[in-house]
Each structure stands twice: as structure tokens, then as C-alpha cells.
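Protein chains in written order, with the numbering used here: chain A, 40 to 334; chain B, 66 to 529; chain C, 8 to 242.
The reader is advised that the hints may include incorrect statements.
Claimed, not checked - Simulated coverage check for chain A against chain B, where a stretch passes if three residues somewhere in it have a Cβ under 8 angstroms from a Cβ of chain B:
1. 120-134
2. 168-175
3. 179-188
4. 232-238
Worth flagging that the hints you see were computed from the coordinates, not collected in a lab. As the structure is a computational prediction, the values presented were derived from the model and not from experiment. Note that beta-carbon positions come from the ideal geometry of N, C-alpha and C, so glycine has one too.
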Amino acid sequence: MTSEVRMSEGEVTERVRPQGASQSQSSDASEVATPLGVIVTEGMSVYYGKFRAVADVSLSFATNEISALIGPSGCGKSTVLRSLNRMNDLVPGARVEGSVRYHGDEIYHEDVDPVEVRRKIGMVFQKPNPFPKSIFENISWGAKVNGFKGNKSEMSDLVQEALESAALWDEVKDKLNESGYSLSGGQQQRLCIARAIATKPDVILMDEPASALDPIATLRIEELMLDLKNDYSIIIVTHNMQQAARVSDRTAFFNVKLNDQGMRTGRLVEYTETSQLFTSPKVQETEDYITGRFG
Amino acid sequence: MSTRIELQEKDYSDLFPVGEDLQSQIGGRRRREGLARILFMVVLIVAISALATLLYTIINAAFGMTAIINTVEPDTIVADVGHDPEETGLADLTYDELVVVLEGSVTNNVGRRLERDQRFYEDRFVFENEATWSEICASSQPPTGCDAAPRDKSNVLQLVNERVVEPDVVKTWELIPSLFEREAIEAEIRSEEFQAANPGARPEFRAWLNWQFVTSPQSPNPETAGVRTAILGSLWVIALTVLFAFPVGVGAAIYLEEFARPNRLNQMIQTNINNLAGVPSIIYGMLGLAILVRVLEPITSGSFLGEGGSATENGRTIISAGLTLGLLILPVVIIASQEALRAVPNSMRAAGLALGATKWQTIRKHILPAAMPGVLTGSILATARALGETAPLVVVGASTFIITDPSGPFSKFTVLPIQIFQWTSRPQDEFRNIAAAAILVLLILLIVMNATAVFLRNRYSRSN
Amino acid sequence: MTARHDSQSHFHTELAELERRVLGMVNQAEKMIGMAVEAVTTDQIELAREVVDLHDEIHATHFEVHRAWTELVVRNQPLGSDMRTMTVLLQLNATFERMGAQCANIAKITLANHGLPRVESIVEKVIEMGDLVRPMVRSSIDSYIRRDLDEARLLPAMDEPLDRLNANMYREVVAVGGHREMLEWATKMMMVSRALERIGDQAVDFGEQTAFLITGERAQFDEAGLSEAGSGDDG
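Let the sequences and hints guide you as you build the complete structure.
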């Protein structure tokens with residue numbers, strides 16, 4: 040009654056089906072979560088001249104959460120991010136269709152001043168860009184241009200608070216008058232975060248905030264994000280999936296597709312809870328991307 | 066089992082040199098590098114030599130031995146007035162004493178002419194009388210002395226030098242011979258032959274560039290002529306040039322770089338500015354003549370302010386010159402400032418705007434200060450060029466002979482380059498010497514300007 | 008210079024290799040079940056000793072797979088279905104080691120029971136259990152390899168008769184009565200029955216793992232073979 044080993048090595052490999060996305064049934068892939076998000080986009084498309092960079096994005100970003108946008112290059116994630124605080128206005132020929140609402144108010148309405156939008160929705164960039172001024176001035180200037188009405192000691196308090204929130208105070212409290220450039224890369228990025236916080240925004244957008252930093256500085260930024268989300272809503276673009284997995288509550292996966300005119304337009308593929316997206320994504324495209332099985 | 070396919074591509078390694086071939090190939094490349102370095106060094110040496118030769122020629126002409134004859138020796142004059150020539154020099158005499166000397170030496174005609182050009186005293190006349198004076202001052206073409214301030218001591222000293230001492234240089238030698246063959250030269254001057262042709266000639270080592278030269282006004286006499294009027298004229302003109310070109314130029318650059326949208330109109334403006342930078346400077350001179358001197362004459366002559374006098378009624382004033390040169394360097398300032406603004410990374414603009422600042426707030430506080438070193442460099446280079454411009458100012462109407470210092474933007478003027486030009490076109494030898502001295506003055510002025518530029522630039526970079 | 012054209016990344020190749028090794032263990036375990044049941048029911052000591060030796064091999068492989076698994080995770084931080092596969096493989100690694108241990112237990116009982124009087128009805132029951140459990144293990148392997156959710160969901164049903172046989176074994180042992188040596192033999196055979204029932208449970212576990220891999224959702228296979236609350240239909 041001995042059984043023979045029925046499988047040979049070759050057979051095992053060939054019979055294994057290609058790994059697939061989970062097949063369970065639930066609501067459709069690009070679900071829009073709570074309609075009460077701090078920023079909600081509906082059918083948003085962004086054009087640069089005739090070129091449609093990203094098409095038909097409908098997303099709702101929740102308050103006091105970290106939302107991550109991931110995807111291959113050219114998928115439009117940075118374009119989407121920049122459209123959320125009208126930074127795309129700076130690009131000649133850039134145009135946004137569809138609706139982008141901040142607390143229910145359409146930010147692309149013709150009566151809305153982008154300057155006001157940006158005060159409430161701040162931004163931190165990939166390469167740290169502090170001003171060539173003192174650390175103190177870097178932070179106080181943002182407050183000043185937005186009409187800070189306090190006196191000098193109140194300003195000092197604001198600066199200190201911002202630096203403390205950015206986990207930088209202890210390192211710079213004795214050298215507030217030194218140039219922002221005298222800091223290391225990681226410190227400069229935290230300075231930029233402090234600078235953004237000083238204007239008391241509601242939402243902080245971060246465009247690959249740690250991609251120019253070494254691993255330890257990156258870790259500190261990620262820890263900082265997790266602390267900050269108690270007071271702010273954070274939306275980050277990252278090309279590092281593990282980073283998105285570590286810090287974000289919800290993740291949106293964008294992908295780029297070649298259309299019939301040969302143009303590459305990005306679109307939203309899946310948007311769901313982070314642990315869900317990275318363990319059992321519903322869309323095969325997402326599965327292919329996160330497991331590295333593409334192209 | 067694995068689905069990998071291993072392809073063996075063609076092996077190119079035997080197409081590269083190895084061993085001895087490699088050595089000689091590297092050697093060849095090193096040699097070519099060495100040649101290039103030598104070539105560049107040679108070029109540098111040639112350039113430096115050219116500059117050195119220029120400086121040598123100028124310095125050679127600005128210092129040297131002279132054979133000089135004083136019509137009346139200063140010592141004699143001092144003695145005549147009653148002082149001891151051993152202790153007192155001509156310059157130590159009082160104003161009144163000098164006037165007396167002058168009175169006694171020049172003819173009445175010459176004296177009246179001098180007084181009409183510029184009075185000696187506020188309250189009394191030396192050569193003229195009250196009646197004639199009021200008459201000529203009330204006429205349609207009153208002389209400059211009616212309005213101008215009275216002379217000062219250096220002025221009168223100059224006159225005494227010119228008209229009483231009347232030094233006359235009869236022969237000049239260059240610096241190098243003067244240093245190495247001094248005895249021979251002195252011997253030559255003292256020789257009978259020489260003394261026969263030039264009685265009373267003395268050898269004297271003369272630095273044509275001396276404090277006297279810098280502080281004395283113009284004079285038809287090369288021995289007593291100075292560049293004071295020219296220096297002051299240059300400084301006044303340049304001041305107005307900078308006052309006009311810098312704010313206008315930087316402002317235009319800010320507009321073009323930061324605010325203007327890239328449409329056809331702005332492209333055209335940009336092209337035109339670029340082209341204007343290459344227009345010959347004399348065209349600007351003609352522009353200045355036509356518009357500033359003629360059409361805008363009431364403004365440039367200052368008559369609408371009640372300023373200026375008869376002599377400036379044609380608009381050939383410092384302000385015309387300043388604005389002409391300002392227009393000349395304006396395109397260069399704009400282009401240099403644009404380059405400097407363009408060099409500021411966009412990340413700074415993004416940072417400012419992302420904080421909710423307006424464009425102007427960001428520019429004023431961050432972009433412009435960051436661009437300042439480049440802006441200053443470009444502007445000062447342009448200004449240094451303006452300092453040396455001759456042709457356009459000749460057209461606009463620098464005075465050919467002017468002895469009064471400019472008193473304001475509505476004065477007549479002359480500038481250093483023009484003065485140099487005039488002197489070099491005179492036949493006498495001595496004019497070459499003082500032209501060389503004036504060139505040295507111009508060079509020193511340029512060096513000072515550039516040093517100021519570097520200083521300002523460093524201060525701006527550091528404070529950032 | 009050589010150019011390599013991979014249809015798979017290095018990680019996926021290594022993952023496939025790891026899977027192959029784990030499944031190799033499975034085949035080994037399946038073989039061992041057959042050998043162990045035969046040994047205990049036909050009282051073959053040599054065969055029993057072979058089973059014990061095989062178990063040692065499985066032990067070593069188990070450690071090696073564990074090491075390889077750790078390395079793969081640390082170096083690649085897998086996501087998505089790769090992550091689920093890794094999770095499942097880790098569980099399977101333990102499961103088959105356990106299966107092998109059960110077979111070794113059966114083999115040791117064979118040695119201990121050698122020479123003792125047998126009860127044919129008990130022997131028949133054990134053979135019957137062996138015939139039930141081997142297809143279960145086979146089925147669990149196949150459903151994994153083919154990613155067949157339906158086949159996986161059949162496993163609880165296949166486990167039912169096995170559980171029943173195991174539950175009834177107690178009665179058989181009690182029925183032996185007072186014969187001391189026979190009782191000793193019978194009691195030991197009850198442990199064999201328990202071991203086979205455990206192997207069956209582990210096959211059902213394997214099926215749950217497979218279902219998780221396919222659906223991304225964790226569900227317990229209950230006796231009725233249903234997996235999740237809700238629709239239960241595929242897409």
C-alpha cells in the first residue's frame with residue numbers, strides 16, 4: 040500500500056496557477072469612503088494644455104488620517120497632489136476639470152483666491168527647500184505674510200511650538216539665528232514641516248517627503264507624520280510602498296495607461312484601507328504592481 | 066524548470082586595446098591633455114602680456130624727467146609779496162595776496178575776462194566796476210560770473226600758476242630712461258647747446274599724475290591742467306546713470322521674469338531688449354541728442370525749475386548725459402538681472418507660495434535677495450562700461466572746454482574719457498603725458514568701482 | 008557579456024522554490040501516512056523504523072524551510088498575494104512537520120505493539136481511517152496547487168467520517184475487556200486513531216489556508232463546509 044509520489048518537480052511548477060488578486064466579493068474597487076472627507080474630489084481631471092495627465096479621479100480624504108498616493112512614474116499622483124492646493128496653477132497651461140472640495144467649498148471656483156487655499160492646505164516638497172534665512176525667520180515669515188497679529192513674544196512662542204511639533208526644537212533651540220542651510224538634510228525637511236505648520240493649516244500635503252533622505256532621517260519623518268495626524272490631515276505621495284504601508288491609514292493606487300492617441304493618462308485604480316490594499320487588493324492591476332509582476 | 070533564457074551576446078572585449086596598446090593609447094591621451102594645458106597657459110600669458118604692455122606704456126608716459134622753464138619763479142613772487150621763499154611756498158600765500166599778485170601781473174583785459182568768468186570776491190570787484198557789471202549781467206547773454214560762486218584759493222592759485230609763473234615744459238622723457246639715465250638727461254639739459262635754445266631750463270622729475278593734477282580744473286596749458294572737472298563730471302553722470310538704470314532695469318527684469326506671461330507680445334519685448342544690448346553706443350548718443358537735449362530741453366536744461374543759466378539753455382547737461390548712458394546700459398542691466406533671477410531655483414518660489422504668500426511677497430523677501438549678487442555684478446559691470454563711454458557723450462554735448470565744477474544735474478559737463486580723447490589729439494608732447502596721467506586716473510576709478518561691487522556682493526551673500 | 012531575460016523576478020523564483028520544498032514535505036508526509044498505517048496494521052517493524060527515519064528528515068527540512076522563509080521575508084518585504092503565500096507556507100511548514108510527527112508516533116506505537124495480540128475489528132477501522140485520511144491530504148495538496156476553492160471547501164465533509172471513526176474507537180477499546188495484553192495493544196491503537204484524526208484536522212487547516220490565499224479573507228471551515236458569512240459566491 041505504498042503510495043507513489045505522484046508529483047514530480049516539474050509538474051508542481053506548471054500546475055501552479057499564476058497568483059491572483061483575492062476573489063472575494065465586496066463593493067467595487069475604487070470605493071469612495073466617507074463623504075465627509077476634509078478634501079473630496081469628484082471626476083477630477085488635470086490637463087497640461089491638450090495633454091490629459093490624470094483622468095476622472097474621485098477620492099475622499101478623511102480628517103486626521105494619513106492618506107497615501109502610490110503608483111508608477113507618470114501615473115499622475117504628484118499632479119493630483121498639487122491640484123489639491125492649487126499649486127498646479129503655477130504651471131502654464133495647467134487646467135483642472137471636475138470638482139475639488141475643501142470642507143464642501145469648491146477650491147477652483149473663480150471667486151476663490153489660491154493664496155487663501157494654500158494657507159489652509161500646506162505643502163512639503165521632495166527636496167527640502169528652506170529659505171536662505173535664519174531658522175527663526177524661516178518659520179516666522181509664513182506667519183507674517185498671512186497677517187500674524189501677535190507681538191514679538193507671541194511670535195517666538197509660535198516658532199517654538201512649530202519646531203516642537205516638528206520634533207526639531209531640541210536640536211535648534213540654541214541656534215535659531217543660524218541659517219536654515221546649516222542643518223542636515225533631515226533637519227531641513229523637519230524645518231520645512233515646521234514652517235508649514237506655523238501657518239496653522241488644516242491639511243498638509245507631502246510630495247515624497249523622505250525620498251531625498253537617509254534611512255534614519257526617513258524614519259524620523261515617518262514618526263513625525265504619525266504624531267502630526269492627530270492635529271492635521273496628511274496626504275502623501277510616495278514611490279516607496281513600504282513607506283505607504285507603514286504610515287498611511289488609506290492608500291490610493293494610481294496607474295498609467297496608454298490611450299489610443301499614444302498619450303499616457305493616469306487614473307485611480309483602487310483606494311482602500313492600507314492593510315487591505317497591501318494584503319488582499321481587489322483589483323488585479325494593484326496586485327500586479329505591489330507584487331512586482333508587471334511589464 | 067526555470068523559464069529564464071540566457072543569451073550569450075557577442076564578446077566585444079577584444080576590440081579594446083590591451084597591454085602595450087593600452088599604454089600607448091593612454092599615453093597619447095595624456096599628451097594631448099598636456100598640449101591643451103600648455104596652449105591655454107600660452108593664451109593666458111599673451112593676454113597678461115598685452116595688459117602689462119598697456120600699463121607699462123601708460124605709466125612710462127605719466128612719469129618722467131622734464132626740462133622746465135618758469136617765466137617767473139615762484140620764489141620770486143613770494144619774495145615780492147614780502148615773505149621768505151625758504152619758509153613759504155606759493156601755496157602758502159593767502160587768498161588776498163594771491164589776488165594781488167594776479168592783479169599786478171595780468172593785463173586789465175585778461176583780468177576783466179577772468180572776473181567775468183568767475184568773480185574773485187562777493188562784495189567787490191578787482192578788475193571790473195559796478196556799473197559795467199550790472200549792465201552786462203542784465204543783458205541777454207550774461208557771463209557765467211554773474212551767477213556763479215566766487216573763486217576759491219585753489220582756483221586762484223591755479224591762475225597764478227598759469228598766468229604768472231607760467232611754467233613751460235620744453236622737453237619730456239619717459240620713465241624708464243628717466244630712472245636709468247638721469248645724469249645723462251640732466252647733463253643734456255644743462256649743456257650749453259640746450260641752454261642756448263631754452264634759456265633758464267631746469268631739470269625736474271615730474272609725476273604728471275599728482276594731487277595737483279587731480280584737484281586742478283582744466284587749463285589750456287598742459288603743465289597746469291588738471292582733471293578735477295572731468296572727474297566730478299564723470300561721477301555726477303554715473304550717479305544719474307545708476308539712479309535711472311538700476312531701479313528701472315531691475316524692475317523690468319522682475320516683471321519679465323516673474324509676472325509676464327509667455328505670450329507673443331512679451332516675447333517681442335524680450336527680443337527687442339536683447340537686440341538693444343548690442344546697438345552701438347553712438348546711436349544712443351544720437352537718441353540722447355534728439356530727445357533729451359532737444360525735445361526735452363526745458364526739462365533737461367533745468368529751466369522749468371528755474372535752474373541753470375544762459376549757458377545751459379540748450380539741454381546739454383549732466384542729466385541728459387546721465388539718462389543717455391542710463392538708456393545705453395539699461396538692456397544690459399535687464400538681461401543680467403533676468404539671468405540672476407532665473408538662476409534662483411524654482412523650489413524657493415514654490416516654498417513661498419505653498420505657505421500662502423503672494424508672488425510679490427515671495428519675490429521681495431526671498432527671490433530678489435537671492436538674486437542680488439548676480440544683479441549687482443551685472444549692474445556694476447554695465448556701469449563700469451558707462452564710465453568709459455566717449456562717443457555718445459560727445460554727441461550729447463559734453464563741453465570741450467570747461468573749467469567750472471558741475472554744481473548739479475543741470476550743469477554743463479565733461480567726462481574723463483572725453484578729456485583724455487581731447488588731450489591725445491593735441492600736438493604738443495606734454496599733452497600725451499597728461500593724457501597718460503588721466504588714463505591712470507580713469508583706471509583707478511574703475512578699480513575702485515569694481516572693488517565696491519565685489520564688497521557689496523560679498524556683503525549681500527553673507528547676510529543671506 | 009551575457010544578457011538574461013527573466014520572466015520572473017528573483018524573488019518570485021525563490022518563492023516558487025520555497026513552495027516546491029514545502030510541497031515536497033507534503034508528499035513526504037503523505038507517503039509516510041501510507042507507510043505508517045501499513046506498518047501498524049501489518050505489524051512490520053522495519054517499515055516502522057523507516058517511518059521514524061523519514062520523520063528525522065522532515066525535521067531537518069522543516070528547519071531549513073523556516074530559515075529560507077525568514078530570509079525571503081527580510082530581504083523582500085512581500086506584499087499582496089505574495090504576502091499571503093508566505094503566511095500560508097509558514098503555516099504549512101509547521102503543519103507538515105506535525106503530520107510527520109503523528110506518523111512517527113504511529114510508527115513508534117507499531118514498535119511498542121510488536122508481538123502483542125491484535126483485534127481485527129480495530130485493525131480494520133484503522134485501515135479504514137487510513138483510507139479516508141490519505142485522500143484528504145491529497146485533496147488538500149491538489150486544491151492548493153490548483154488554487155481550487157471548491158475542492159478546498161469539500162475537506163470538512165471528508166473529515167466527518169474520520170472524526171466519527173475516531174470517536175467510536177473508544178467503544179471498541181472498551182469492548183476488548185480484561186485481557187491485559189490485548190487491552191494494552193488496543194489502548195495504543197486508540198492513540199493511532201487519534202493521530203490519524205489529527206492528521207485529518209491538519210488537512211482541513213491546510214484547506215483553510217488555501218481559501219485565505221485565494222480569497223484574502225480568513226474564515227473557519229466549520230463542519231458544514233461553509234466558509235464565510237455572506238454570499239459565499241465568487242465574483
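The hints, checked one at a time:
1. 120-134: holds (count 4)
2. 168-175: Check passed, 5 qualifying residues.
3. 179-188: With 4 residues close enough to chain B, the hint holds.
4. 232-238: As far as the region 232-238 of chain A goes, the hint holds, because 3 residues have Cβ atoms under 8 angstroms from chain B.
This entry satisfies every hint, going by the numbered hints stated previously.
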